[in-house]
Amino acid sequence: MEIFTENYFETGAIILFGIGFVTLMLHSNLIKKIIGMNIMDTAIFLFFISKGYVTNKEAPIVVDITKNPDSYINPVPSALMLTGIVVAVTTTAFALALTIKLYKHYNTIDLEKILEMREES
Amino acid sequence: MIKFIPLINILILILFSFIILITKKEKNVKLMSFASNIITFLLSILLLTRVLLEDFIVLNLGKNNSLLGIQFYIGSSEAVISLTFTFVMLMILWFSNSSVKKEVSEIRISFFYILINILLASLLGVIYSNDLFNSYVFIEVSTLSACGLIILKDKKENIKATVKYLIMSTIGSGLVLMAIAYIYSITGHLNITNINEVIVSSYQSHQNAVLIILGLFTVGLGIKSAVFPLHSWLPDAHSSAPTPASAALSALVIKVYVFMLIKILFRMFTYEIVNSFIIMDIILLLGSMGMIFGSIMAIFQKELKRMIAYSSVAQMGYIVFGIGLGTISGTAIATYHIIGHAVTKSSLFLISGLMIEKTSSKKIEDLKGIGREMPITLGLFTLGAFSMVGIPILPGFISKWYLSLACIEVGRVPLILIILASSLLNVLYYFPIIINGFFGNENLDGKIYKSKKIELSRLIPIFFLVLSIILVGAFSSKLINLF
Numbered sequence: 548m549e550i551f552t553e554n555y556f557e558t559g560a561i562i563l564f565g566i567g568f569v570t571l572m573l574h575s576n577l578i579k580k581i582i583g584m585n586i587m588d589t590a591i592f593l594f595f596i597s598k599g600y601v602t603n604k605e606a607p608i609v610v611d612i613t614k615n616p617d618s619y620i621n622p623v624p625s626a627l628m629l630t631g632i633v634v635a636v637t638t639t640a641f642a643l644a645l646t647i648k649l650y651k652h653y654n655t656i657d658l659e660k661i662l663e664m665r666e667e668s
Numbered sequence: 008m009i010k011f012i013p014l015i016n017i018l019i020l021i022l023f024s025f026i027i028l029i030t031k032k033e034k035n036v037k038l039m040s041f042a043s044n045i046i047t048f049l050l051s052i053l054l055l056t057r058v059l060l061e062d063f064i065v066l067n068l069g070k071n072n073s074l075l076g077i078q079f080y081i082g083s084s085e086a087v088i089s090l091t092f093t094f095v096m097l098m099i100l101w102f103s104n105s106s107v108k109k110e111v112s113e114i115r116i117s118f119f120y121i122l123i124n125i126l127l128a129s130l131l132g133v134i135y136s137n138d139l140f141n142s143y144v145f146i147e148v149s150t151l152s153a154c155g156l157i158i159l160k161d162k163k164e165n166i167k168a169t170v171k172y173l174i175m176s177t178i179g180s181g182l183v184l185m186a187i188a189y190i191y192s193i194t195g196h197l198n199i200t201n202i203n204e205v206i207v208s209s210y211q212s213h214q215n216a217v218l219i220i221l222g223l224f225t226v227g228l229g230i231k232s233a234v235f236p237l238h239s240w241l242p243d244a245h246s247s248a249p250t251p252a253s254a255a256l257s258a259l260v261i262k263v264y265v266f267m268l269i270k271i272l273f274r275m276f277t278y279e280i281v282n283s284f285i286i287m288d289i290i291l292l293l294g295s296m297g298m299i300f301g302s303i304m305a306i307f308q309k310e311l312k313r314m315i316a317y318s319s320v321a322q323m324g325y326i327v328f329g330i331g332l333g334t335i336s337g338t339a340i341a342t343y344h345i346i347g348h349a350v351t352k353s354s355l356f357l358i359s360g361l362m363i364e365k366t367s368s369k370k371i372e373d374l375k376g377i378g379r380e381m382p383i384t385l386g387l388f389t390l391g392a393f394s395m396v397g398i399p400i401l402p403g404f405i406s407k408w409y410l411s412l413a414c415i416e417v418g419r420v421p422l423i424l425i426i427l428a429s430s431l432l433n434v435l436y437y438f439p440i441i442i443n444g445f446f447g448n449e450n451l452d453g454k455i456y457k458s459k460k461i462e463l464s465r466l467i468p469i470f471f472l473v474l475s476i477i478l479v480g481a482f483s484s485k486l487i488n489l490f
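As they're listed, the protein sequences go chains A and B. When we follow the numbering used here, the leftmost residue of the first sequence carries the number 548, and every step to the right adds one. When we follow the numbering used here, the leftmost residue of the second sequence carries the number 8, and every step to the right adds one.
A hint or two may mislead.
In the BS3-like style, the derived pairs of lysine-lysine whose C-alpha atoms are separated by at most 27 angstroms in a straight line are [said to hold, decoys possible]:
#1 LYS369(B) with LYS660(A)
#2 LYS370(B) with LYS163(B)
#3 LYS648(A) with LYS270(B)
#4 LYS648(A) with LYS163(B)
#5 LYS651(A) with LYS598(A)
#6 LYS309(B) with LYS660(A)
#7 LYS171(B) with LYS660(A)
#8 LYS163(B) with LYS651(A)
#9 LYS651(A) with LYS32(B)
#10 LYS162(B) with LYS369(B)
#11 LYS270(B) with LYS660(A)
#12 LYS171(B) with LYS651(A)
#13 LYS109(B) with LYS648(A)
#14 LYS171(B) with LYS370(B)
#15 LYS160(B) with LYS651(A)
#16 LYS660(A) with LYS160(B)
#17 LYS108(B) with LYS163(B)
#18 LYS109(B) with LYS651(A)
#19 LYS162(B) with LYS270(B)
#20 LYS309(B) with LYS270(B)
#21 LYS604(A) with LYS614(A)
#22 LYS162(B) with LYS108(B)
#23 LYS34(B) with LYS598(A)
#24 LYS365(B) with LYS34(B)
#25 LYS109(B) with LYS162(B)
#26 LYS369(B) with LYS109(B)
#27 LYS648(A) with LYS108(B)
#28 LYS162(B) with LYS648(A)
#29 LYS171(B) with LYS579(A)
#30 LYS163(B) with LYS660(A)
#31 LYS10(B) with LYS485(B)
No lab work stands behind these hints, which were simulated from the structure alone.
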């Protein structure tokens, strides 16, 4: 049990990842799927950024250049996740645009109903 | 200067796609796209000649060390694959010149060329990149542009197929990113070469983490490359897309992810580490299942493009099977099959697009007697189908032959039966089209010899593709020795 409470960042991230993954897989409502996708991505960001975090260190924004570099956290994960956030936002935007189109054509955003429709026609 | 070719390739394609965005005339759009693709094709030839001399090229971007900057690594397999991909894409573009406006509405034609350019740039990025996170970004770009290509044809089923594809591939990329996070946390690197150094010395203390990483990468990239049980998005997406786009999707896009899997399994981890985990047996099982069930499902398809799409699932099975053997020769065959299948499947899709256009029916049963009406087209189709089935000299046969040899090498002789069964199943769905096409009599009433003949100029790109199928087959031993 201790291992979970000590690494609470990772535990939280994995729980969030699980929630997002299950939402993405099991819900047939497209909006909920997109929400699940976002939760999953956020969980990964949390996991990744916690890897660069060092206790009692500052965020890697250099204001005072005379300061010792050791007083900052590892900037690489934060920088990577900035890119990751951009990717996630793009995908979400595209998915939402698709949802609007899908609704116009099928009058529903329930993916299971849409998949059934094909077999009828 | 030659060292920078990989970067130039990617930048030219992306730059031209932005210029196309502000170009209005359709003719100029095509010209730009074609020009950028010719440049990348020629540069890829140059790159290959250089790589053959020097074995590999390493290009550091940003900082001049691999710890912080992004690194490109081009070995011989990367160079050959990038040459094949640029060649196939060039032929697809050539073909699309006359056919894209038949399927895509006028205002969207420039989007087609933009997306094709971005798609090829991102695919080359995944191939060249030696940095995991950079690969991830390129993977996302390629997925989004592939989705864009499917939805270009504004029909009901296209939107549905795109949604399905987008959701499946976001699951895949989520898993891949999680795997990258894991690997960063145990090694502290993102560069494949550096990770390899750390992981070889310390994997024994992280057995579980390595297993999780391998699983996440296999499933994540497996979803994106339509490995058998995760393929459900592929038939819809590839059959509903416009013909040139489905050729690009089926021939190039799914291959890239499986190639990245090869890089991760065998260059980042090594054969030794990977073979000590159960994951290789699972990959082998997935590959065998894909080979059999992909073919079986293809037999029951009634639409030509859907059948060819299912055949892609079966062919991905061969590639995954080669990886799953976990030997150097198995990987070489997998890489060879990536190339062989890229040229074969693209020509099959383009030809099927022509046949659908002329008969204006997607159904296979309406193709009876088509050999009478368009003999050259069906003749080219026959060659492609022969390669899929495994007639000697053609690449399909060579992959099957060497795969069998690789099975014997690791002492798993029963696996050859799966390869044989899969070949026979391939015969079952490709040959009826050819036989009914040439000799199907019941449907011949009122059909006139060469009545639906296609202008020769439209067939030239397909001629080149079929020629390259034969060349890939004829120079197989040289190619396989490279990998």
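Hints, verified against the model:
Distance check on the hinted pair: LYS369(B) and LYS660(A) sit about 25 angstroms apart at the alpha-carbon level, within 27 angstroms; holds. Restraint check for LYS370(B) and LYS163(B): the C-alpha separation of about 19 angstroms stays at or below 27 angstroms, so the hint holds. Proximity of LYS648(A) to LYS270(B) is assessed by CA-CA distance (about 38 angstroms); at most 27 angstroms being required, the pair is judged violated. The straight-line distance between the Cα atoms of LYS648(A) and LYS163(B) is roughly 9 angstroms, inside the 27 angstroms bound, and the hint therefore holds.
About 43 angstroms separates the Cα atoms of LYS651(A) and LYS598(A), which puts this hinted pair outside 27 angstroms; it is violated. Between the alpha carbons of LYS309(B) and LYS660(A) the distance comes to roughly 23 angstroms, so the proposed pair stays at or under 27 angstroms and holds. Restraint check for LYS171(B) and LYS660(A): satisfied, since their Cα atoms lie roughly 13 angstroms apart, inside the 27 angstroms limit. This hinted pair checks out: LYS163(B) and LYS651(A) have alpha carbons roughly 10 angstroms apart, not beyond 27 angstroms.
Between the alpha carbons of LYS651(A) and LYS32(B) the distance comes to roughly 31 angstroms, so the proposed pair goes past 27 angstroms and is violated. Distance restraint check for LYS162(B) and LYS369(B): the Cα-Cα separation of roughly 15 angstroms lies within the 27 angstroms cut-off, and the hinted pair is therefore satisfied. With a C-alpha separation of about 40 angstroms, the suggested pair LYS270(B) and LYS660(A) falls outside the 27 angstroms cut-off, and the hint is violated. A hinted pair counts as satisfied when its Cα atoms are at most 27 angstroms apart, and LYS171(B) with LYS651(A) qualifies at roughly 17 angstroms.
For the proposed pair LYS109(B) and LYS648(A), the alpha carbon gap of about 22 angstroms is at most 27 angstroms, so the pair holds. As the CA atoms of LYS171(B) and LYS370(B) are separated by approximately 23 angstroms, the hinted pair is consistent with the 27 angstroms bound. At roughly 16 angstroms between alpha-carbon atoms, LYS160(B) and LYS651(A) fall within 27 angstroms of each other, so this suggested pair holds. With a CA separation close to 22 angstroms, the supplied pair LYS660(A) and LYS160(B) stays within the 27 angstroms bound.
Restraint check: the Cα-Cα separation between LYS108(B) and LYS163(B) comes to about 19 angstroms, which is no more than 27 angstroms; the hinted pair holds. As the CA atoms of LYS109(B) and LYS651(A) are separated by approximately 24 angstroms, the hinted pair is consistent with the 27 angstroms bound. A distance of roughly 37 angstroms separates the Cα atoms of LYS162(B) and LYS270(B); the hinted pair therefore is violated under the 27 angstroms criterion. Of the supplied pair hints, the one linking LYS309(B) and LYS270(B) is violated, its CA atoms being roughly 37 angstroms apart against a limit of 27 angstroms.
Pair hint LYS604(A) plus LYS614(A) holds up; C-alpha atoms about 12 angstroms apart against a cutoff of 27 angstroms. Of the pairs offered as hints, the one joining LYS162(B) and LYS108(B) holds, with about 15 angstroms between alpha carbons and a cut-off of 27 angstroms not exceeded. For a cut-off of 27 angstroms, the pair hint linking LYS34(B) to LYS598(A) is broken: about 51 angstroms separates their Cα positions. The straight-line distance between the Cα atoms of LYS365(B) and LYS34(B) is roughly 25 angstroms, inside the 27 angstroms bound, and the hint therefore holds.
Among the hinted pairs, LYS109(B) with LYS162(B) is consistent with the structure: their alpha-carbon atoms are about 14 angstroms apart, no more than 27 angstroms. Using a Cα cut-off of 27 angstroms, the hinted pair LYS369(B) and LYS109(B) holds, with the two alpha carbons roughly 15 angstroms apart. Between LYS648(A) and LYS108(B) the alpha-carbon distance is near 22 angstroms, which keeps this suggested pair within the 27 angstroms criterion. For the proposed pair LYS162(B) and LYS648(A), the alpha carbon gap of about 10 angstroms is at most 27 angstroms, so the pair holds.
This hinted pair checks out: LYS171(B) and LYS579(A) have alpha carbons roughly 14 angstroms apart, not beyond 27 angstroms. The hinted pair formed by LYS163(B) and LYS660(A) meets the criterion: a straight-line CA distance of about 14 angstroms does not exceed 27 angstroms. As the CA atoms of LYS10(B) and LYS485(B) are separated by approximately 24 angstroms, the hinted pair is consistent with the 27 angstroms bound.
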